[in-house]
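Given next are the chains, with one letter for each unit.
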Amino acid sequence: MLNDSILSTITFVPTVGAIVVALLPRRGKLIQWFTLLISLLTFALTLHLPAHFQYGQTGFQFEENHPWITSPNIHYHLGIDGISLWLVVLVGFLGPMAVLASWKVIETHTKEFYFLFLLQQTAMIGVFVSLDMFLYYGFWELSLVPMAILIAMFGRNRGPQAAIKFFLYTFLPSALLLVGLIWLYAKTGTFDFVETQQYLSQNSGSIAPQALWWVSLAFLVAFAVKVPVFPLHGWLSDVFSEAPTAMAMVVAGKLGLYSIIRFNLGLFPSQSREVAPLMIALAVIGILYGALIALVQQDMKRFIAFSTIGHLSFCTLGIFCFTIVGLNGTVYQLLNHELSGAAMLILFGILYERYGTYDMGLYGGVATRLPRMATLYLITMLSLIGLPILNGFVGEFLILSSTFGVHPYWGAAATLGVILSAAYMLGMIQKIFYGQPSQLVANKTVPDVVAREGFALVPAVILMLVLGVASPYWIRAISGAVSGLAQNVAHATATFTTTVAEKR
Amino acid sequence: MTSSLHLWLIPLVPFAGFLVNGLLGRRFPKALVTTVALIATLIPFVQVANIALHFSSLTLPYTEQVATWITAGNFHADFAFALDQLTLIMLLVVTGVGFLIHIYSVGYMAEEEGYWRFFAYLNLFMFFMLTLVLAENFLLMFVGWEGVGLASYLLIGFYLTKDSAANAGKKAFVVNRIGDFGFLLAMFLLIAHFGTLSFSEVFNQVAQHPEWQGGFLTAIALFLILGATGKSAQIPLYVWLPDAMEGPTPVSALIHAATMVTAGVYMVVRTHVIFDRSPFALSTIAVIGTATALFAATIGLVQTDIKRVLAYSTVSQLGYMFLACGVAAYSSGIFHLLTHAFFKALLFLSAGSVIHALSGEQDMRVMGGLRKKIPITFWTMTMAVFAISGFPPFAGFFSKDEILYQAFISPNGLGKILWFIGLFTAGLTSFYMFRLWYLTFFGESRAQATTAHDDHGHGHGHGVHESSWVMLTPLVILAILSGIGGWVGVPEAMGGHAEIAHFLSPVTGAAHEAAEGRSMELLLAAVSVTVAVIGWFIAHLMYFAKPALPAQLASKVRGLYSLLLNKYWVDELYGAVVVAPLLLISRYVLKGLFDTGVITGGGMAIGYSAQGLGALVQRVQSGNIRSYAGWLALGAAALLLLTYVGFGTHLLFR
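So the sequences go chain by chain: D and H. Under the numbering used here, the residue at position 168 of the first sequence is numbered 168, and the numbers go up by one with no gaps. Under the numbering used here, the residue at position 315 of the second sequence is numbered 315, and the numbers go up by one with no gaps.
Everything labelled a hint here was simulated from the structure, so no lab data went into it. None of the values given here were measured: they were computed from a predicted structure. Accuracy of the hints is not assured; some may be wrong.
[Stated by the list, open to error] Derived list of chain D stretches under chain H, where covered just means 3 residues or more per stretch with a C-beta under 8 Å from a C-beta of chain H: (1) 164-173; (2) 317-331; (3) 361-372; (4) 393-400; (5) 422-433.
[To be verified] For the chain H half of the interface with chain D, some residues (derived, Cβ under 8 Å), not all of them: (6) Leu150; (7) Arg177; (8) Lys591.
A virtual CB, placed ideally from N, CA and C, is assigned to each residue, including glycine.
Please build the complete structure, drawing on both the sequences and the hints.
Structure representation (C-alpha cells):
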C-alpha cells in the first residue's frame, strides 16, 4: 500500500535525486531540469497526503514504525498529523518555486548547489515527519549543514562570515537540544515522541521538576533561535542578505515554530505555561521591533528579514496564548507567511537579477517599465500586510483576536503591528515602483516578468487568494491536531509550581 | 418571498469586471475595456433596482449565507449577505452614482495612459464597497472596509510617476489603517463578549440584555468610532482626504465624496444598537462631527485649489452626518448621506468638467468668466452649489436642516451648542461654495495666455471647451437629483411626509419629534435659510461686487489667514509629533544602537568568546586520561552541588 510508505517516499525522493545530481554531467541546463523534475515529483507526492488524510481523526497518520537500532532504542518512526500535514505539502510546493528562482542566478557550482538543495528538502520534510526524536534530531542537524555550506559558497560578499554566524547561532543551541534529548532518553528509555509524551504526562512526579524545566528550556532556545524569536534574531538579516534566494526562502520560521508546537507544547505543557509570559512579551516586542526597523531599512534583503521577524512573532504569540483559535491561526499564519515571504524574496531576487542592486534608494518608477512585476509585488505585499480575502489576514486575525481574549493589552499592542506593516510595505512599494524612473531604472532596459518567473510566482499568487477565502479546507485538518494540544496545555495544571511549593 | 435574491452577485459581478480588465485589459481596445467596465457596474444597478421595485413584497431582513469563510475552534465567520431598508438605500447610492461616474469617466479618462487600469480599479472599488454594504457580519464588512481603502490607494496613486500622488496614496492607506486598528479592536472585544461577529446575533444579544448600559459597549463603540474617523475623514484622522485629491477627479467624486467616505456613517448607523446603549459614545460622535464640520469649513474658506475646497467641504459635510448619528437621528444622517452623494458627486464632476475644459488647471485664481464658455457645466454646478448651501427646495436644504433640527431638539445637553455651531458652519459653507462659484464662473478670465498646465495629459491643443455629452449626461442627471433628491424627506411641518425616515424606521427606530411642534421646526428652517443667504451675500460682496476686498482682508488678519491657509499646521504637527520621532527612534535607537550594537555586537562577543573557549578547551585536552577523569569528577560534583542548592529555581519566570 502506498499509504504505508508514502512518508518515506516523500522524504527520500529528493535524496535519490541528490545522488543522481551528483552523477550527472555538468552540461547545459541538465541539472536544473532534473532538479525541477524531482521537486515537482516530490510536490505531486505530497499531494497524496491531503487527499488520503482522515480528517477529524486525532493522532498520527500514515505512520511507519520499524525498529532501527536496538540499543540505544531508536525507531524509524514517521507519521503526520494536521499540523505537519500542510507543512510537508508546503515544502513540496516551495521546491519548484525555489528551483525556478535559482535557474539563472546559480551559474557556478550548479552541481553542488542542487545537490545540497535536494538534501535540504529531505532534511526539512524529515523534520516534519519524524516521530522518533533521535531521527528528528538527525534531520534537524541535516537541515543546518547544506544551509551553512551554501551561504558560505554563494554569499553576496560576506558569505563566510554569515555562514559562521549562522553556524554559531544554530549549532550551539542544537547541541543543547541534543543534551536535552539524551537526558530525556536516560529517564524514559525511549526516543519515541508518542511514548515520551505518555511517559511524561503519566510520571510527572518521578522526574525532578527543575531538571525537566532545564530540558524544556534547552528545547525552546534551540527552536527559538531557528524561528527566530527576538532577541535571538541576530543571524537572520545577514543570512538573508547572503544566502541564495532558494535558501533564504526556507531558512526561517517553519522548522523552529513547528518544533515549538510539537515538542514544547506537546512534551512540556506546564513548563510552556510557565515561560509563556516571557514569550508573549518577546513576541509582541518582536512584532513592533521588526516592523520599526523594516520601516527604516534601505536594503531589500534586510528589509524582508526584519519584516519576517515581525510576521513570525505573530506565530510565537499565537502559540503561547494556548487557545485553540490562536493555535489554528498560528499554523495557518505559518503556512501563509512561508508562502508569501518566499514569493517576496523571489521578487526581490528577480529585481536584483535585472538591476544588480538591493538598495531601494536607487530604484524608482519601475511600475511604468515593468507593469507585470509591479502587479506581482503589489499582491504579495498585500498578502503580507494582511489584507482581507488574501491569505495573511485569516491567520493574523485568528491570532490577534484570540490573544486579545486572554491578554487584552498584549493583543492590542500586537495589533499596532498592523499599522506599521502597512507603513513599511507601502513605503517599499513606493520607493521601488512609484515616481519618475530613477537613473538606474531609466538607463537600463530590462524585460518584464518572463515565463519561468511567472511559473514560479503566479501559482503562489493564486494560492494567496484561495487561502484567503477558503480557509476551512486547510483548517479542518489543523483544528483536529491543535485542539488536543491546547487542552493538553490547559489541563497540565502547574504541576511544577505545586511540587516546588510542596518541597519548600 | 421564497426565491433567492442572489445578493452575492451584486458585488461579484464588478469583481469579475475587475479580473477581466485587470488581467486582459492591457491588450483590449478601449471600447472593449469600456464595455466590460460599464456592464460590470450596470448589472448590479439593474439588480438593485429590480430588488427595489419588489421591495415591499420581501420579508425583511433578508439574509443569504453563501459559504463559511473562517471556522476555528469556537470562532466562526461566514460569507453572508443581508438586505434591509438601510442596505437598499446604500446599494442604490453606490450602484447608481457609481454607474453614472463610470460613464463620466469614459469621457474624462479618454486620453489617459492606463485607461484599462483605471476601470479595473473602479470595478474593484465597486466590489469592495458593495461587499461592505451587504455584509451580514463585522468581519465581512471589514473586508469591504479595508478593500475600499486599497482601491482608494490604487486610484489616488493612479498617476504612477507623480511623487505627490504616491505620497498621498500611501498616506491615505496608512491613516486608514490607524482607523482599521480601532475596527479590529472593536471586533476583538465583540468576540470576547458575544462570541460572534454576526450583526443579527450581536444585536439580538444586546436587545435581550437591557441591563447592559455603557461599560464594554462603550469601549466597543469608541473603537468603532476610531475606525469611522479613519474611513470618513473626521478629526483626528481626516488628514488623508485633502491629499487624496491627487487622484483623477472621477475618483474624488465616487470614492472621496459619494461612497467610500460615507462608510463610517453607514457603519455607525448599522451598529446603532450598540451606540444607543452608550450616551458617552454618542456624545463623542456628535462632538467629533460638529468640530470637524466647523474646522474643515474654516479651512475651506481660503483654499485656492478647486478640488481642495471640495475636499474640505466633504470633510465638513461628513461632520454633519456624524452629528446626526451623535444625536441618535440615524435616519437624518442617512438622508444627508443620500443627498450629499448627489450634490457632492455633482460638484466634483462639474469641477472635473471645468478642469477638463481648462486642460488640467485646478487653481481658481486663474479661472473666472467661464459661465459663458461652458454653460452646461455652469448650470449643473449652480444646482449643486444651491443644494449644498441649503437653499430650498434643493436637496441639501432638507437633509441638513433635518440634522440641525434633530440636534436642536436632542435631549443631549450639548444639543443647542451643537446646533449653533452647525448653523454657523452652514453659513460658512454657503460662503465658500459661492466663493468657488464666483471665482470660477464670473468676472473676467484671469488665465495667463501661456498656462500650459498639462499634468494629466489633457492637452487637447485647443482652447476652453465644453465637455462631451458622455460627461455632461451624468452631470445633468445628478443635477436633477440634487434638485429634487431632497423631496423624499420633506418634513411633515412643511407639508411633506418624511418618507425616508419612515422607510428607515424598521432599522433605525422612529425619528424624534419635538414637544414644541411644527412651528419650531419652521422657525429653525427660516433661520438656517437666512444664514445661507448671509453667506451668499458676503461671498457676492467679496468675490463679485468688490474683488479687491479679499486681499485687503487677508492682509488685515494675516495671522488668521495664514493659519487657515496652512490648514492649522496639523500635517506638520503630526509629522513632528508622531512620524519624525518614530522614524528617528527606529533608525538611531533601534536599528543603530540596539540591533547593530547589542544584538550583532553581542553575537560577535559570543562568537569570540567561543573561539577563546575553544583555545582553552584545546589546552585542557591533554590526552591524559587521568586528567580527563579528574575533570569529569569535578564537573559531576559541580552539577550535584547546583542541583542540591536548587540553583534552577532562581531562574524561573513566575
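Unmet hints by their number, sorted upward, for this structure: none
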